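Chains as they are written, first to last, in full-length UniProt numbering: chain Z, 1 to 338; chain G, 1 to 338; chain W, 1 to 338; chain F, 1 to 338; chain R, 1 to 338; chain V, 1 to 338.
These are computed hints drawn from the structure, not numbers from a lab. Computed from a predicted model, the values in this text were never measured in an experiment. Errors might be hidden in some of the hints.
[Unchecked claim] Computed cross-link-like contacts, DSBU-like style, restricted to lysine-lysine with a CA-CA straight-line distance of at most 30 Å:
| hint | chain 1 | residue 1 | chain 2 | residue 2 |
| --- | --- | --- | --- | --- |
| 1 | G | Lys298 | G | Lys182 |
| 2 | R | Lys3 | V | Lys3 |
| 3 | G | Lys3 | F | Lys3 |
| 4 | W | Lys184 | Z | Lys3 |
[Stated by the list, open to error] Under 7 Å between C-beta atoms, here's a sample of chain Z residues computed to sit facing chain R:
| hint | residue |
| --- | --- |
| 5 | Asn27 |
| 6 | Arg82 |
| 7 | Tyr86 |
| 8 | Gly97 |
| 9 | Ser101 |
Beta carbons: idealized from backbone N, C-alpha and C, even for Gly.
There are 6 protein chains.
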Amino acid sequence: MPKRIAAFGEVMMRLQVPGYDLLSQSNILNYTFSGTGVNVVSALARFGHTGHLVSRLPGNSLGDAAAAYLRKLGIASSLIHRGGNYLGMYFLENGFGVRPSRVTYSNRLESSFNTAPAGEYDYDDIAAQIDAVHFCGISLAMNDGVRHHIKSLARAVKQRGGSVIFDCNYRPSLWGEDGYVKAKPHYEEMLHLSDIVIMNEKDAIYTLGMFSEKTDRTEQLMELIPAVAKQYQVQVIAGTHRSINNDNTHTLRGFLFKNECFSFSEQLTFSVYDRIGAGDAFASGIIHGEMEGFPPEKTVRFAAAASMLAHTVSGDTPMASEMEIVRAMTESVGDIER
Amino acid sequence: MPKRIAAFGEVMMRLQVPGYDLLSQSNILNYTFSGTGVNVVSALARFGHTGHLVSRLPGNSLGDAAAAYLRKLGIASSLIHRGGNYLGMYFLENGFGVRPSRVTYSNRLESSFNTAPAGEYDYDDIAAQIDAVHFCGISLAMNDGVRHHIKSLARAVKQRGGSVIFDCNYRPSLWGEDGYVKAKPHYEEMLHLSDIVIMNEKDAIYTLGMFSEKTDRTEQLMELIPAVAKQYQVQVIAGTHRSINNDNTHTLRGFLFKNECFSFSEQLTFSVYDRIGAGDAFASGIIHGEMEGFPPEKTVRFAAAASMLAHTVSGDTPMASEMEIVRAMTESVGDIER
Amino acid sequence: MPKRIAAFGEVMMRLQVPGYDLLSQSNILNYTFSGTGVNVVSALARFGHTGHLVSRLPGNSLGDAAAAYLRKLGIASSLIHRGGNYLGMYFLENGFGVRPSRVTYSNRLESSFNTAPAGEYDYDDIAAQIDAVHFCGISLAMNDGVRHHIKSLARAVKQRGGSVIFDCNYRPSLWGEDGYVKAKPHYEEMLHLSDIVIMNEKDAIYTLGMFSEKTDRTEQLMELIPAVAKQYQVQVIAGTHRSINNDNTHTLRGFLFKNECFSFSEQLTFSVYDRIGAGDAFASGIIHGEMEGFPPEKTVRFAAAASMLAHTVSGDTPMASEMEIVRAMTESVGDIER
Amino acid sequence: MPKRIAAFGEVMMRLQVPGYDLLSQSNILNYTFSGTGVNVVSALARFGHTGHLVSRLPGNSLGDAAAAYLRKLGIASSLIHRGGNYLGMYFLENGFGVRPSRVTYSNRLESSFNTAPAGEYDYDDIAAQIDAVHFCGISLAMNDGVRHHIKSLARAVKQRGGSVIFDCNYRPSLWGEDGYVKAKPHYEEMLHLSDIVIMNEKDAIYTLGMFSEKTDRTEQLMELIPAVAKQYQVQVIAGTHRSINNDNTHTLRGFLFKNECFSFSEQLTFSVYDRIGAGDAFASGIIHGEMEGFPPEKTVRFAAAASMLAHTVSGDTPMASEMEIVRAMTESVGDIER
Amino acid sequence: MPKRIAAFGEVMMRLQVPGYDLLSQSNILNYTFSGTGVNVVSALARFGHTGHLVSRLPGNSLGDAAAAYLRKLGIASSLIHRGGNYLGMYFLENGFGVRPSRVTYSNRLESSFNTAPAGEYDYDDIAAQIDAVHFCGISLAMNDGVRHHIKSLARAVKQRGGSVIFDCNYRPSLWGEDGYVKAKPHYEEMLHLSDIVIMNEKDAIYTLGMFSEKTDRTEQLMELIPAVAKQYQVQVIAGTHRSINNDNTHTLRGFLFKNECFSFSEQLTFSVYDRIGAGDAFASGIIHGEMEGFPPEKTVRFAAAASMLAHTVSGDTPMASEMEIVRAMTESVGDIER
Amino acid sequence: MPKRIAAFGEVMMRLQVPGYDLLSQSNILNYTFSGTGVNVVSALARFGHTGHLVSRLPGNSLGDAAAAYLRKLGIASSLIHRGGNYLGMYFLENGFGVRPSRVTYSNRLESSFNTAPAGEYDYDDIAAQIDAVHFCGISLAMNDGVRHHIKSLARAVKQRGGSVIFDCNYRPSLWGEDGYVKAKPHYEEMLHLSDIVIMNEKDAIYTLGMFSEKTDRTEQLMELIPAVAKQYQVQVIAGTHRSINNDNTHTLRGFLFKNECFSFSEQLTFSVYDRIGAGDAFASGIIHGEMEGFPPEKTVRFAAAASMLAHTVSGDTPMASEMEIVRAMTESVGDIER
């Protein structure tokens, strides 16, 4: 049965140099609007749920363009506020082969989202309208105001019996020096509030400061994730292991830990067109599986296939339907569909 | 010596989303005009023959644009009629890696070509102007009117001593339910009229309802194609085996059966840029070889190389000259030509 | 107070050659999705109402793209059905100066909208969700099936106490030979059902077969419109007189007849960028004024200014906010806004 | 009755900066292929004649692209030779308002056309295939080799009873210092050979060195053109007076002198989108009128309207059909055609 | 004799929606880099002077792109610092006819330029390398840090015997509430330091709080500008009166007050393509005239013509050479230059 | 310590068909300006040196655009002359997979650079401003005038104690028939003048006519390069061995011979986006290493990595900073940088 799911998060304007030019070579940018929350609830809307975004956009042309774009993605807009003056932006220069892609941010701390005052959102009213809410570690890194909104809304949803989903998503550049130390208490608070968490063993080691004597990633994972689940009382923990190959392909394996059991997807290897947002596609697959009551093995395979497909479309936001993902789970590469 | 070769077939407008965007992500389309007949006679014109198209285009802006495009491709336009109101169209969204390409058709049954009335074409007059005529299974699937034009023109050409070429090209979506049953009598009639046929063992099994106990494709091919040639009195049967690899490459091998002998090309593996129309490039290579009196081994190798190169250019229509194909038959990948 | 307003109408794909090239000169098209109903309710949504579209889109990539585009325009999509196979399309070649623009249609009669079967729409359920419904003469020209949907929905809305709005919008090419004769009974039926009608004296003369001895357009208008209002019991009749000048400008004056009185806007003269859809902007202004209870003079001036601004934006669909229209009603041309 | 008309002239590659950017601001060029002869016979082909081009293109990618483009324009290509290495090119930066357009040439003297050796063309064979031939003063300015081809072909056509058409088209930058002195004998030779000449009083004064005491352009015209016709035995002389207005419009009036009578078109004023090639459209109108036996007044009005329309399409080459020109002669500016 | 002239000012990234689309309609932006100082010294470099920019750009991809663009404009880059994190940006949606253009800013207060710390620039070292320095009221509006840099550099240049140029350029949105009151002391300080000032009577009235009983703009000008020159000891004051017409043209007249005399340019009326930066072109013309010792009437006519031409090129930055400006001062609109 | 390095060479306009279309399929070109000298000194400027170009550009729009582009690349322009009429151009059609890229030249022999008269450059004055000068075999192939400039400048630099760098870069199509015989004396003269030479064993065998009994490339290299160094007294000889693989990757290994020792880079294999100019990136790396006094092993590894990265950016000109090259020397492929 379709659920009502909200994400709380910032809308970013993505300004991408077309093709493989650098910013100093080109004079054209393609723009779209995205963000972890945008990507997750847009994918969930595509799967048949109602996907709300709780966010704040400026009351100007850029805000209008962002709002129109979110509607186009199928996102319900009744919980989006207008106010403040600026939109967070990032510039993307596509890498090629051995040359990595490059992302340059504008000053997002001044954005409408990151300057939303206390009292901007009515947590309880929002909680009453939704079955689950999604947060991520990127918003958590912003400032105390945003962190207050996050935790208050999480508590309100929890109190109303809704589910709380948290994607750890630690970004070193956002937390600055001694970032792990600064981040830890906030991450711990979020984990305590969460029912579903997206993370892997690296988050456990670096952000939560846990320790493993193992050296193999999978062994570390299988030691630490159950410990996290137990310590913070998290029902479901899921995540991926990714490796980047020399030939423009990535290799990905998803895992899901639930009821003291691990489920794993196959190890998938595939050509990559646009890597940004592929983690959000994985998260959306896990949430969909959990909301629909899939068996864990199906959930993790669905999420991994959703993530794989998200690497093959342009933009941050997953565009695959449930049917396309199921087909990618089962069939080999096909000829033209006509 | 150059020949006068006509194709009877529909002109389609191809509307392609640039790059790898979906129709719901983009707002731009690139358009060209193509069709099996267009592709085949354009290639033959490039090889030095006179390539006619027998078709019907609407008398409006779209028809003007299509006619101009066909002239640009080098197609002789004196047998193209103007009338009716619509042009068949298809939209193409490019796939990437594990995500397949997607084709969406407009209502081609209402097109000028598919609504050409009885009496539209003067079969005998056309036959008098050409040495050979090409038909394909796509047109054959349209409606009784088109089928009548096809068979009448085939008979007229045959009567005048010209060659009839038929590309089986069975498209399940066009014949609908019980398609093979509906199609079989028409295919059989065409085979009886044809001198050169493009098909492989799958057409024999599914469309003609033949049976083989073999399980290997090549063994099936070597059993069934001679049987088809004998039963329908076809002088030349040629076709390809294609497999699609995980790394954005295809593998292709051509065969040609003539005088009770099989000739095969090398098995070619190559990166694919635009797969549509590559089968028509193969057909054009077979026709050119036969018209020029190449030995069968050269014909099939030429056709396979023509098909391989057609995968590397944009659009449905092959663009390689005879010299470029011959070079691709003999040399390895080269550096820039300057 | 914002109202819930639906339009019943077809969604068309607009495929426009960029700049001033002809279809036979270019190879690129820009596409958007529009339609009289789309334009009207999108504008009303921008004015703060809930704008529904009652329509039917194909369940394929084109339908997905159209649905996404309508959401982007702010149109509520819960009354949009998916089914059938085709989308109506039109190609637009921009004119320049003395060279007129040129529109070429695909076969819209086969579209999902125009082939919606009896029973497709639950008229009463729709009527229960809206305060007013908009129809236009273009849909009325399609076929008996569409006409049945139109009249049934109009009656259902009327029965529930909602308002019926009808834009006469007679297109000679759609009704064919003896078009006025064929159209008249349907137009009369619609007028009887309508509360607000968009038309001018030409519709009265040609479609309704009325007669005036006057030769001046304004005199004809002032004679015939009151007669129409009386005969068909229409509360509000509004429309425009347009003239096209040599220097790429148009001149427009709006009128509104209500309570036996005419109100007129100023005669506006302005440079034209994209003329298509400007009539729908006028209609949306009239509807908004009526729904909000503006005095008639304000309504007609608002509608004329809305129409004027719609000539200055690209695409069929008006993009101006209420604030921008009010400013255009009162201020002279301004310098950059920064 | 349609005629077979050839033009002898160079094919130029036009490389245009899109929009109103300068070459030092942009990084994109749009390219087409044109030339006086190209423009004239393409227009004549559009009017139903067979339009040949006698020219020479390089045997490389640029030559292939040019040849394809000429076919697209409807030009018969059997008299186009391939050889030499280069194609003439010009770069176009569009002006805006008070800023004039700017044309920068590549070295066209090294082009395949301008280096065609003696013996390249079989004058008599060409003359046998055509009813009329067109030359222009631009080719005449190139070098002795080209001038030899021009005069030899003109004589061959004349001898076979065909018509010779000459457009004076004097370009000061091509003849260099003392240009008029250098040019005069060649112009006189061409006038003696010609049946139809495009020129005005300025050509008479500057190139032919004639003298008038009048100061008004029209008076000069009416004195000198009859003198030219008489002295050089020319049957038809036609041309235009153009003035450029401040508001992005031009004013144009055509004249035609035949049988000792002047005919004039209306004075036309219209917005200009692309001025290049508009003179060739006028010439094509004159030739068409003469070939079809129009009365002189109709011919000059048709030619002026053809020229006016040519200012409204992109590219050098006229794109209007006879029907569109006739409509422009008779109707005022129209609304969208749909 | 060419001079060494520096501007102190911010570099802005201009992100423009191509054509006439709104941000909510398009998905493409063209970007360039500009700013009052950029525009002025780029124009001066084009006139043969050495044009320095004193500014600060971020040490990332955006900063690299900006620096490359400034070099392309001909600006000497040795006084440009790299540091800080952000670049000021503005988004431009082009207006059309009655619809005004719209500018939306990012948070420029966080830009590298506006956060340059005390001690960033070595005022005396800069002053030693230049003959004149240009400031504008936009920078003056930023913050105390920038104002300190401005005044310190102005003093250093003055002390070294260089000229100080100040463009009043008051932008209400930048000074906020009670802006004139806040701005006045800073403007007065700048006027005291300046040799050349760009302003008109409105600046005198609003920013300097002066009063005139006249109602006509020209009369106000002729009363107040001499008073300003006297009170603040300014040698040259120049500026423009602009009016915006209904037909997409502007009317402009320049004035220059020097040695107690006014000089005026003709009143120029012209079509406008890109209005932004046209004031900077005027300023560059005034500075060039003063540096070269033109008579005042020539200077003001040159500046007005430079400004007029700047309305006809894309981008903020003037692109005309001295020769092109002189030609625009003397000739009427011309045909294509070839 | 940064050096002042000049290259003497022609600036070419590169006109590239976007994507993978042929010239006969597209109507758009992207243009940039490049050349061996441009590429080398632009890269050196990026590494912190002052990079001069000694060249000649036409005094028209194309020359202005080229000059602006060179400034953008960071090239010092004070030694660039303006004069002559034409710019060398080449058209590039991108290959894909088995279809090779295709380059078509305009007539560069008429370019401003190749027609610079004797006395155009003041060799001694240039030599006084630089520490090193770079020449290449492409310029050497042009004509006697260019060869005279090359040798005179080389001698002037040598006399002033500067270094002479020569890239052999033999292009068969430029020297024509018996090219090696014609070229040899000029190459020998350049080698005698040079301190650093870019070449490999093929240049020794074909251009210098040396002989080796070895068949393995590396063995030939190790036999012939020391012989060249000895015979012509060259301090440093460096070059690469490249092989082109079937899967769109190239394999490259650099060598450097100095002080009678060979140093080799690793054998690098990488995906290729734009192959043109990658040899110039290698040369720039060798020059930078020598100028900075890197140990030979570091120099050759730096040069090979610089060349590898140059294959991954669009355009002929390397865009990588020293930091990016060093990272590519040490790290494996990375994820997005953000």
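For each hint, the structure was consulted:
1. G:Lys298 <-> G:Lys182: At roughly 37 Å apart (the allowed maximum being 30 Å), Lys182 of chain G and Lys298 of chain G break the hint.
2. R:Lys3 <-> V:Lys3: 28 Å, holds
3. G:Lys3 <-> F:Lys3: 28 Å, holds
4. W:Lys184 <-> Z:Lys3: 50 Å, violated
5. Asn27: For Asn27 of chain Z, the interface hint holds, since the closest Cβ of chain R sits about 6 Å away, which is under 7 Å.
6. Arg82: 14 Å, violated
7. Tyr86: 5 Å, holds
8. Gly97: Nearest chain R Cβ about 19 Å off; hint violated.
9. Ser101: 11 Å, violated
Taken one by one, the earlier hints fail for this structure at numbers 1, 4, 6, 8, 9, listed in ascending order.
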